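Participant: In case you want the letters, here they are:
There are 2 protein chains.
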Amino acid sequence: MTGLSNYTLDEITIGQTASYSKQVEARDIQLFAAVSGDVNPVHLDPDFAASTQFERCIAHGMLSGAIISAAIAMKLPGPGSIYLSQSMSFRRPVYPGDTVTVHLEVTEINARRGFVTLDCRVLNQNKKAVVTGIAEVKAPTEKILLESPALPHVTIGASVDPA
Amino acid sequence: MTGLSNYTLDEITIGQTASYSKQVEARDIQLFAAVSGDVNPVHLDPDFAASTQFERCIAHGMLSGAIISAAIAMKLPGPGSIYLSQSMSFRRPVYPGDTVTVHLEVTEINARRGFVTLDCRVLNQNKKAVVTGIAEVKAPTEKILLESPALPHVTIGASVDPA
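For the record, the sequence lines run as chains Z and V.
For the first sequence, this note's numbering begins at 30 and goes up steadily by one.
For the second sequence, this note's numbering begins at 30 and goes up steadily by one.
Extracted from the complex, chain Z is given alone in its bound form:
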């Protein structure tokens, strides 16, 4: 097991940074389609995607949102954070095989309310911004150190009709 820890409000400083990377595979796009219900063919059907301006299948934009939320929940401030708000501008597509890295930077701290503002930039492997935005979280007040729960084991089988 790997460890998971957090930064409490009094450990957080303006300018503090963290990053979190994930390679986006075709299987992640299928899983995101399954969990959201968005079976838009630009994400799932290579022939359809070839007819679009993107020329091949692209990841759902909000998959980058999911990865931003993971960066906040796992890294900065980490477990015990309460997500208050998130803005996102979708700037470039993410293709299967791309590696995206979320860069978080603390830009404001409201010590009285315990709120922390984070600048969020998601870059692809060519250092191009795919998503930018701002997150606001309530920072944890208690230190948490725990074993990371195991990732659920997921198998993708043959497609089924959405009935």
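Everything labelled a hint here was simulated from the structure, so no lab data went into it.
Note that the coordinates shown come from a computational prediction; the quantities given were computed from them, not determined experimentally.
All residues carry an ideal CB built from backbone N, CA and C; glycine is no exception.
Simulated coverage check for chain Z against chain V, where a stretch passes if three residues somewhere in it have a Cβ under 8 Å from a Cβ of chain V:
(1) 53 to 64
(2) 71 to 79
(3) 83 to 91
(4) 95 to 103
(5) 112 to 126
(6) 175 to 186
Cut-off 30 Å, straight-line C-alpha distance, at most; resulting in silico cross-link-like pairs (BS3-like, lysine-lysine):
(7) Z:K104 - Z:K156
(8) V:K167 - V:K104
(9) V:K156 - Z:K167
(10) Z:K167 - Z:K104
(11) V:K167 - Z:K156
(12) V:K104 - V:K156
(13) V:K157 - V:K104
(14) Z:K157 - V:K167
(15) Z:K104 - Z:K157
(16) V:K157 - Z:K167
(17) Z:K172 - Z:K104
(18) V:K172 - V:K104
Following the hints, complete the assembly by docking chain V onto the known chain Z.
Facilitator: Here is chain V on its own, set in the frame of chain Z:
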């Protein structure tokens, strides 16, 4: 198969609405953990969650974001939309078993640029807002009518160590 269609820019009017519902199951939370990498125990470990202010496991906030994005991509404007931006305020937790409904309403149309602004409200089965926000999309210019691709068939097995 079910059909999927869209509203082109010239078919969209101020005040137009659409809605999209999804019951959030424990399995959706496990899938969202797998696809995002966010294995925060408040989402996955009932014992840990019992020690938090939420008292039991809650869905990832961004899972509601995924469902908003599905509403836009599947309903209004539908396929061919290009997601430009999204803001979200996370107002209440979503628990396994809750049914969330995304309500979209067109509030602005920039005909020259083809941009449409949508007010987004996600309500639970008790009509309480869990997420509110604003989306901006580039509306499709070509009518799309197609068969909905099938949902990927996903199986969740025993947990594996994230190592």
